[in-house]
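Asker: Quick note, the sequences are listed as chains A and B, same order. First residue of the first sequence: 1, per the numbering used here; consecutive thereafter. First residue of the second sequence: 1, per the numbering used here; consecutive thereafter.
Don't read these hints as lab results, they were simulated from the structure. Keep in mind that the hints are not guaranteed to be accurate.
Stated by the list, open to error - Dumping the calculated EDC-like pairs for lysine to aspartate or glutamate here, alpha-carbon to alpha-carbon at most 20 angstroms:
#1 A:Lys42 / B:Asp17
#2 A:Lys2 / B:Asp37
#3 B:Lys24 / A:Asp17
#4 A:Lys13 / B:Asp37
#5 A:Lys28 / B:Asp37
#6 A:Lys42 / B:Glu58
#7 B:Lys24 / A:Glu14
#8 B:Lys42 / A:Asp17
#9 A:Lys42 / A:Glu74
#10 A:Lys24 / B:Asp61
There are 2 protein chains.
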Amino acid sequence: MKFVAEINVMPKKELLDPQGKAVKMGLKHLHIDNVKDVRIGKHIVLTLEAASSQEAREIVDNACQKLLANVIMEDYSFEIRELQESLKQ
Amino acid sequence: MKFVAEINVMPKKELLDPQGKAVKMGLKHLHIDNVKDVRIGKHIVLTLEAASSQEAREIVDNACQKLLANVIMEDYSFEIRELQESLKQ
């Protein structure tokens, strides 16, 4: 079975987010003043093969723990959906 | 009214994603072989003030068009939700 995982990796809330601060300043210069806070992280889309959605969850969690997220400084969350294979003619 | 916008900015599908390729290789080295494709973009969370959710949508779209996304090479999508102000004692 094919699955798609949509993963968000964000800096932990208690950490400073210099990138977010810089973008907030940039928006101000563009006279977009109503933005009170900006936080920036990664959005990662994985396409993977797995026997079940549970196995897909374990694979994605393992990938986040080992490579996709720096678990000391970042939090990650993800959603998984099955990819319907288009019917072959 | 306060709103939170969750924005995903991803490289256009037809473009090469060298970052994604590098992560895919990295996962292989970690024996996480079932991942067929990796695409990496930005996840941006904005907190903003607006008179209505429609106005919030316009502010976020404007921010994406002018700063948050490179509309030549990236696609963006976002979801907006109202932030319930916690009741003051």
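Asker: Each of the hints needs a verdict: does it hold here or not?
Answerer: We went through each hint and held it up to the structure:
no.	hint	in the structure
1	A:Lys42 / B:Asp17	holds, 14 angstroms
2	A:Lys2 / B:Asp37	holds, 11 angstroms
3	B:Lys24 / A:Asp17	violated, 27 angstroms
4	A:Lys13 / B:Asp37	violated, 29 angstroms
5	A:Lys28 / B:Asp37	violated, 37 angstroms
6	A:Lys42 / B:Glu58	violated, 23 angstroms
7	B:Lys24 / A:Glu14	violated, 30 angstroms
8	B:Lys42 / A:Asp17	holds, 14 angstroms
9	A:Lys42 / A:Glu74	holds, 10 angstroms
10	A:Lys24 / B:Asp61	holds, 15 angstroms
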